[in-house]
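Colleague: Residues per chain, in single letters:
There are 2 protein chains.
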Amino acid sequence: MMKHFDKASILEAESFYRRDLINSLSGYKSLNLIGTKSKEGLTNLAPFSQVFHIGATPPLVGVLFRPHSVERHTLENILDTAAFTLNHVTEGFYRQAHQTAARYEGSEFEATGIGEEYYLDFFAPFVKGSPLQIGCKLEETQVIKANGTVLVVGAIEHIWVDEKGVRMDGSLDLNALGTVTVTGLDEYHLGQKIGRLSYPKPGRDLVEI
Amino acid sequence: MMKHFDKASILEAESFYRRDLINSLSGYKSLNLIGTKSKEGLTNLAPFSQVFHIGATPPLVGVLFRPHSVERHTLENILDTAAFTLNHVTEGFYRQAHQTAARYEGSEFEATGIGEEYYLDFFAPFVKGSPLQIGCKLEETQVIKANGTVLVVGAIEHIWVDEKGVRMDGSLDLNALGTVTVTGLDEYHLGQKIGRLSYPKPGRDLVEI
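If you read the protein sequences in the order shown, they are chains P and Z.
full-length UniProt numbering puts the first residue of the first sequence at 1, with every later residue one more than the last.
full-length UniProt numbering puts the first residue of the second sequence at 1, with every later residue one more than the last.
Hints were generated in silico from the structure; no laboratory data involved.
Every value quoted in this text rests on a predicted model; they were computed, and no experiment measured them.
Errors might be hidden in some of the hints.
One copy or any two copies: either way a pair holds, since identical chains are not told apart in the list.
In silico DSSO-like cross-links for lysine-lysine, where the CA-CA straight-line distance does not exceed 30 Å [unchecked claim]:
| no. | residue 1 | residue 2 |
| --- | --- | --- |
| 1 | Lys201 | Lys3 |
| 2 | Lys164 | Lys39 |
| 3 | Lys145 | Lys128 |
| 4 | Lys137 | Lys193 |
| 5 | Lys193 | Lys128 |
| 6 | Lys7 | Lys201 |
| 7 | Lys145 | Lys164 |
| 8 | Lys7 | Lys137 |
| 9 | Lys193 | Lys145 |
| 10 | Lys193 | Lys39 |
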C-alpha cells in the first residue's frame with residue numbers, strides 16, 4: 001500500500017517527523033568527513049551527507065551547508081582559509097564519525113580520537129586511516145534563495161586513495177574501499193554490488209562490465 | 001598503499017579515466033528516475049545521481065544538471081512546465097532505469113517498458129512500481145559559474161511511499177523499500193545496514209536506535 005503525503009500534511013507533521021522524512025527522500029547519500037583548520041590553527045572535523053559531483057574537467061565537487069545564520073565552523077574555516085578535505089568513512093570508525101557532529105568547543109579530532117594526517121604543504125587536515133582522502137580549494141559559493149542554504153564549490157587539488165580500490169579504467173570500487181553510505185540523519189550502510197552496466201544505446205542490450 | 005593523484009596528473013589522464021575517477025569520488029550516490037512531460041505531451045524519463053536534500057521546512061530538493069549547452073529534455077521540460085517527479089529505483093528494474101539514459105527520440109517510458117503512472121492532477125508522470133514517488137514543482141534555478149552546471153531547486157508537493165518503508169518517527173527504511181544506490185557512472189548497489197545511531201552530544205555514549 002502506498003501512503004500519500006501532500007504539502008499540507010508534510011507541513012502539519014511534527015517537526016522531527018518532517019525532518020526525518022524529508023531527509024530520507026533523496027535516497028542513499030554520500031558520507032564524508034570534512035576536515036578544516038581555522039586561521040588560528042584549531043582543527044575541525046564534521047560529517048556531511050551533502051557532497052556531490054559537479055564536473056570532471058576541471059575536477060569540481062559541491063558541498064551544501066545549512067544557512068549561515070548561526071556559527072558553522074566548517075563553512076567559516078573554508079571561507080577564511082579556502083582549504084578543506086573530504087574523507088570517506090569506513091565501518092571501522094563510523095561511530096566516531098557520527099560523534100564528530102556533537103557541539104565540541106575544541107577540535108573534534110581530539111574529542112573523538114580520529115587521527116589527523118597532513119600531506120605535502122596542504123593546509124587542512126586529512127583523516128588518518130580513511131581509504132579516500134581529497135584535498136580541495138574553495139572555488140565558488142552560491143546562496144540558495146529559497147532557504148539560505150550555502151553551496152560551496154571546491155576544486156579538487158589532490159586525491160589519496162587506497163590502491164586496492166582503483167580499477168584500471170579509473171573508476172573506484174567503493175565496496176573494496178569499505179566506504180559507508182548514510183540515509184536520513186543517522187542510519188549507516190555498506191554497499192552491496194548488484195551490477196555494473198555497459199553504456200546504454202538505443203536498440204543495444206546492456207551487458208555486465 | 002595510498003595512490004596519489006595531484007591536479008596535474010588528473011588533468012593529464014585520459015578523459016574516460018578522469019571521468020570515471022572523478023565521478024566516483026563523492027561516495028555512494030542517490031539514484032532517482034526523473035519523470036517529465038513536454039508542453040507537447042511527450043513524456044521523458046532519465047536517471048539522475050545528483051539529487052540531494054536542501055531543506056525540510058519548507059521541503060526542498062536539489063538536482064544538478066550538466067551545462068545547458070546541448071539539448072537536455074529533462075531540464076527543458078522542467079523549465080517549460082515547472083513539474084517533475086523523482087522515483088526511487090529497485091533491483092527489479094535498475095537495468096531499465098540505466099537504459100533510459102540512451103538517446104531515444106521518443107519517450108523513454110515506451111522504449112524501456114517502464115510504466116507511467118499519474119496521480120491527482122499532477123502534470124508529470126510517475127514511475128509505476130517505484131516504492132517512493134515524489135512530485136516536485138520548480139522553485140528556483142542557479143548556474144554554477146565554474147562550469148555552467150545548472151542547479152534546479154524543487155519544492156516537494158507530494159510523496160507516495162510504500163508504507164512498509166515508513167517508520168513511526170518519519171524516517172524511511174530504504175533497505176525495506178529496496179532502493180538502489182549508484183557509484184561512478186554505471187555501478188549499482190543495495191544498502192546493507194550497519195547501524196542507526198543516537199543524536200551525538202559531547203561526553204555521552206552513542207547508542208543504537
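Colleague: Would you mind marking each hint as holding or not holding in the structure?
Modeller: Now the hints, each set against the structure:
1. In this assembly of identical chains, Lys201 and Lys3 lie within 30 Å of each other by CA distance neither inside one copy nor across copies; the values are 36 Å within and 34 Å between.
2. Taking the shortest Cα distances, Lys164 and Lys39 never come within 30 Å of each other, neither inside one copy (36 Å) nor across copies (49 Å).
3. In this assembly of identical chains, Lys145 and Lys128 lie within 30 Å of each other by CA distance neither inside one copy nor across copies; the values are 37 Å within and 33 Å between.
4. Within a single copy, Lys137 and Lys193 get their C-alpha atoms no closer than 32 Å, and across copies no closer than 33 Å, so neither meets the 30 Å cut-off.
5. In this assembly of identical chains, Lys193 and Lys128 lie within 30 Å of each other by CA distance both inside one copy and across copies; the values are 26 Å within and 24 Å between.
6. Taking CA atoms no more than 30 Å apart as the test, Lys7 paired with Lys201 passes in neither setting, with 38 Å inside one copy and 32 Å between copies.
7. For a Cα distance limit of 30 Å, the shortest separation of Lys145 from Lys164 qualifies neither inside one copy, at 42 Å, nor across copies, at 35 Å.
8. For a Cα distance limit of 30 Å, the shortest separation of Lys7 from Lys137 across copies, 11 Å, qualifies, whereas the shortest one inside one copy, 39 Å, does not.
9. In the homo-oligomer, the alpha carbons of Lys193 and Lys145 never lie at most 30 Å apart, since the shortest distance is 38 Å inside one protomer and 35 Å across protomers.
10. In the homo-oligomer, the alpha carbons of Lys193 and Lys39 never lie at most 30 Å apart, since the shortest distance is 42 Å inside one protomer and 39 Å across protomers.
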